[in-house]
Amino acid sequence: MRRILVVEDNESNIYLMKFILEKNGFEVIVAKDGIRGVEMAKQEKPELIVMDIQLPKIDGYEATKRIRKVPELKDIPVIAVTSYAMTDDREKTLKAGCTDYIEKPINPESFINIVKKYI
Amino acid sequence: MKERLKFNSLKKKTILFVFIVTALCTAISAFIVSQVVEDQMMDEYEIDKEATVESLSYSLVPMLGLYDYKQVERAITSYLTYESVVSIAVFDDSGTLIRLATKQNVSIEDLDVKKCNITSNDKVIGSFEIGFSKGYITKQIHTTIGALVFGLMGFFVLLGLLLYTFMSRSIINPLEAFTETIKEMDPENLSMRVKVHRKDEIGTLAASFNQMAENLEKSHRRLQKAYDNLEQKVKERTKKLSDSQKALVNLLEDLTSAKNELERANLQLEKASRFKSEFLANMSHELRTPLNSIIGFTSIILQGMAGEINEEQKKQLTMVHDSAKHLLGLISGLLDLSKIESGKMAYASEKFNIRDTIEDALGMVSPMIEEKGLKLNSEISEEVRYIYSDEKKVKQILINLLNNAVKFTDSGQIDLKCRILNNNIEISVSDTGIGIKKDNIEFIFDEFRQIDGTVTREYGGTGLGLSISKKFIEALGGSIWCESEYSKGSKFTFTIPLRR
Amino acid sequence: MNKLSWVFLMIIFSGLCFSLSYFYITGGDNKSKPEIVVETTPTTSTVTWYTSVPQRHAERIANAFRIETGIDVNIVRNSTFIVREKLMSEIKNGKTEADVITIADIGTFIELKNRGLLMEYDSPHYKDYPKEYKDEGYWAVYAAFGICMAHDEIRIENPPQHWTDLLDERWRGRIGLEDINTAGSQYGQYYILREELGVEFWKDLLSLQEPKIYYRTEELANALLEGEIDIAAEFSIHIVYSYSIKKETPIKGIYPEEGIPLIFNPVAIINQTDHPEEAKMFLDFLLSQKGQELMQGLTYKYSVLESISHLEGIPSLDELHILQPKNATNYARKRDEYIYEFNSFLEEKQ
Chain A
20 MRRILVVEDN ESNIYLMKFI LEKNGFEVIV AKDGIRGVEM AKQEKPELIV
70 MDIQLPKIDG YEATKRIRKV PELKDIPVIA VTSYAMTDDR EKTLKAGCTD
120 YIEKPINPES FINIVKKYI
Chain B
39 MKERLKFNSL KKKTILFVFI VTALCTAISA FIVSQVVEDQ MMDEYEIDKE
89 ATVESLSYSL VPMLGLYDYK QVERAITSYL TYESVVSIAV FDDSGTLIRL
139 ATKQNVSIED LDVKKCNITS NDKVIGSFEI GFSKGYITKQ IHTTIGALVF
189 GLMGFFVLLG LLLYTFMSRS IINPLEAFTE TIKEMDPENL SMRVKVHRKD
239 EIGTLAASFN QMAENLEKSH RRLQKAYDNL EQKVKERTKK LSDSQKALVN
289 LLEDLTSAKN ELERANLQLE KASRFKSEFL ANMSHELRTP LNSIIGFTSI
339 ILQGMAGEIN EEQKKQLTMV HDSAKHLLGL ISGLLDLSKI ESGKMAYASE
389 KFNIRDTIED ALGMVSPMIE EKGLKLNSEI SEEVRYIYSD EKKVKQILIN
439 LLNNAVKFTD SGQIDLKCRI LNNNIEISVS DTGIGIKKDN IEFIFDEFRQ
489 IDGTVTREYG GTGLGLSISK KFIEALGGSI WCESEYSKGS KFTFTIPLRR
Chain C
12 MNKLSWVFLM IIFSGLCFSL SYFYITGGDN KSKPEIVVET TPTTSTVTWY
62 TSVPQRHAER IANAFRIETG IDVNIVRNST FIVREKLMSE IKNGKTEADV
112 ITIADIGTFI ELKNRGLLME YDSPHYKDYP KEYKDEGYWA VYAAFGICMA
162 HDEIRIENPP QHWTDLLDER WRGRIGLEDI NTAGSQYGQY YILREELGVE
212 FWKDLLSLQE PKIYYRTEEL ANALLEGEID IAAEFSIHIV YSYSIKKETP
262 IKGIYPEEGI PLIFNPVAII NQTDHPEEAK MFLDFLLSQK GQELMQGLTY
312 KYSVLESISH LEGIPSLDEL HILQPKNATN YARKRDEYIY EFNSFLEEKQ
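Residue numbers (the numbering used here), protein chains in the order written: chain A, 20 to 138; chain B, 39 to 538; chain C, 12 to 361.
Worth flagging that the hints you see were computed from the coordinates, not collected in a lab.
One or more of the hints may lead you astray.
What follows is a list of derived Cβ distance ranges for each label pair [unchecked claim]:
id, chain 1, residue 1, chain 2, residue 2, range
1, B, Ala513, A, Tyr34, 31 to 41 Å
2, C, Leu27, B, Ser257, 54 to 64 Å
3, C, Val48, B, Lys172, 18 to 28 Å
4, C, Leu27, B, Leu254, 52 to 62 Å
5, B, Thr115, C, Glu131, 37 to 47 Å
6, C, Thr54, B, Phe69, 55 to 65 Å
7, B, Glu308, A, Lys84, 26 to 36 Å
A few chain C residues that face chain B, going by a derived Cβ cut-off under 8 Å, partial list only [what the hints assert, rightly or not]:
id, residue
8, Phe24
9, Ile36
10, Pro45
11, Ile47
12, Val49
Don't be surprised by glycine CBs; every beta carbon is placed ideally from N, CA and C.
Just chain A, with the same shape it has in the complex (with noise of 0.2 Å):
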């Protein structure tokens, strides 16, 4: 089974994107911060991780940076989940290491799309 690692703090945000994935046939675990977000992704090296870029302790686009450090999670796809507020960054997303993006509020087909294109 697929596993996707979903780093976000919110709570029906979470519940949300687990909904989907799985409803997808995808295995989900969560972090709920920056920090456990880089330690589950060396720890439990998932296919694919969603990151919401608004996180505490560390944002998401430095724990992308943080999990790109780690050799083996070098290539893993990461999608960034941006807020309106924040789109006109798109450099800083794709510079954080990201693969590519979503932005809020989140559209299920258009979720899913994104996340089939890279597992």
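Since the structure of chain A is already known, use the hints to place chains B and C on it.
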């Protein structure tokens, strides 16, 4: 300390001038003289030679007639005492040599030999040959020329000296006297006068100068008087000034405190503004998060991921979904405006394919267009491809214009044209909708203005769309305008520079 | 101050120029007189000429001959009898240098001819000479001169007209004669007038009239002009010409009608000559038209050639009443005796 007066340039010029004149005179006169002397002496020499020949011939006549060869010998040796004569040979009428006298140790080459017949009563009784030295005359000429040239040189040098002395005395000396006097004059001592009493130009100059000094002295005295007056007045004024100065100082203190207050107020304002921005940012995040949930979950359910739903559920849920979206749009619009107002809106400058952007935008509105049964035309010029600007904002602008076009058109078509014009990309969206009354056109880009109150998916008719689009366009360096005719249709055109 | 020293400099420079100029003018005056070398007519051979013709005339005659023939003439000149003595003593001693002789004493030539000391030579010119003036083949008269009287015509207005007038008291102490010991002309006059007028004439003249003796005719002329004497009792006609015509002095000749002694100056070749060809050529020259013209032109003596035109201002040979010794041999023989007689008369003063 008196300086050493130097008229370097004038003196040097004078010396140079005199020198050149002297040298020229010497050279020219030497040349002329040498030419003339040479010619004359040569001519004279010729004449001398002729004369010598004649006199010798004449004196030999009686001697030859009576065979007085002793006399002949005496005659020719005496002629040989002339420096120019080198040899004389006397012959009888049959050409036999009678006597030959030659100077020894004198070169025989280069002789001018003159032959002459000796005649008595028209009968030739003998002949003689007399050899003249050419070197002799040359030496004489050289001697004479040398003497003349050196004499001329000496003469001209003396003349030059005299000339220089005269010029020096005429001009340089009086000028020096002048300068001396002037140096002695200073603001205290204006009573000095130039002591040059001549009738020529320099004298006139001196007289004029003295006159000027006189005038200067007079006006100096007057000035002194005026100055004293002034001093008095100044004292008075100074007192007045110090009084007003004190008043000024007070004023300044007041101003300073006012300024400080203003600064404080300003700081507070800034603080408030910052607070406001942070607040808005936080608020928008707080507001958006639950809305995103609503939208997300309603999407899941509407997409059938949480199980089957019936038509009524679908209908109602759709209304919930749309309301949440509308609300989100409002909040985004407010945030944008707030950012724009506070100058915190960031604009990207990236290279992107605007064709794709247009396609995306068109794609997003095409469901709505189909639903309303409208036709969509797009004409993108060939050369339109990449531009450097903010892709997201451009897309937003396009979507705003297209949405408006769709919203206000019930039948007909919507045209999108895109071309490159003057280093700008020009896009126009025209519709066959209700149009705008002439009086209203000027207001359409204002905030919170909307001509009618229908709902759109994006901004829900808050009236923010066009004003935000305009602000975006202008921030990117472009412009937007509208042409419309009521009940016929509208055309919105905007330009964005190809390179931001 | 700089200016002053410059002025000095300029003045010195100017001075230098002037002195250089001066040096140019004066300097370079010739240090030494260059040596002068005189070359004369190239001659091939030589002929020795013993003569009584005055030196300067003899030189010119020699020049004329030299230039024509290239033969140098070695002149040995002195008064007639001195030359004669030299010649005779040389002959006596065995050898004389003389090739050609011309002296004013016919006697010597006759004597030499008689002693066989003259060369016989057939000069082409002999035929032109009248017989009284030659001994054909041996000698001919080269020049002849007449003896006359002379006076300064300004000072003396009434000169003697005849030889015998000389014996007038008025002329006592005022007469000049030549020295008979040396002058051939004086001997000639003495002999001829002695023959013509008698010995008494001479005795009276010499012992009574206190004549002054001179050694050359020029001296007589000067004495006349200076007033030392009034009359020259013996004077050569050619000298008259010289002084009167050429020099334009007041000397005038007196030609007594009794007769003018004519003295011959013959030319002959000495037999012993070492230069026979040259001597012949010289004799020819002397006797030629050209030689005679030259002789007359130089000495003013008479040429016996008829082709020679006579000089103006003195009587021509034809005009003169010529007196000659009747016997030429006697003329020669009596020389010493008559010379002694003359001298003794002279010493007798009364």
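Distance restraint hint 54 to 64 Å, applied to the beta-carbon atoms of leucine 27 (chain C) and serine 257 (chain B) | 59 Å, holds
Is the interface hint for isoleucine 36 (chain C) satisfied, with its Cβ closer than 8 Å to some Cβ of chain B?
-> 5 Å, holds
May I ask you to test the hint 26 to 36 Å on the CB atoms belonging to glutamate 308 (chain B) and lysine 84 (chain A)?
-> At roughly 33 Å between Cβ atoms, lysine 84 (chain A) and glutamate 308 (chain B) fall inside 26 to 36 Å, so the hint holds.
Verdict for threonine 54 (chain C), phenylalanine 69 (chain B) (Cβ pair) under range 55 to 65 Å = 57 Å, holds
Indicate whether the distance between the beta carbons of valine 48 (chain C) and lysine 172 (chain B) respects the range 18 to 28 Å.
-> 21 Å, holds
At a threshold of 8 Å, is the proposed contact between proline 45 (chain C) and chain B supported by beta-carbon distances?
-> Status holds, d = 5 Å.
Is the hint on isoleucine 47 (chain C) kept, meaning its closest Cβ partner in chain B is under 8 Å away?
-> 5 Å, holds
Regarding alanine 513 (chain B) and tyrosine 34 (chain A), is the given constraint of 31 to 41 Å on their beta-carbon distance met?
-> This hint holds: roughly 39 Å between Cβ atoms.
Are valine 49 (chain C) and chain B close enough, Cβ to Cβ, to be under 8 Å, as the hint says?
-> 5 Å, holds
Can the suggested window of 52 to 62 Å be confirmed for the beta-carbon pair leucine 27 (chain C) and leucine 254 (chain B)?
-> Because 53 Å falls inside the window, the suggested range holds.
Identify whether the interface hint at phenylalanine 24 (chain C) stands, where standing means a beta carbon of chain B within less than 8 Å of its own.
-> 6 Å, holds
Between threonine 115 (chain B) and glutamate 131 (chain C), is the Cβ distance one that fits in 37 to 47 Å?
-> The hinted range 37 to 47 Å holds for threonine 115 (chain B) and glutamate 131 (chain C), with Cβ atoms some 44 Å apart.
Checked against the numbered hints above, the structure breaks none of them.
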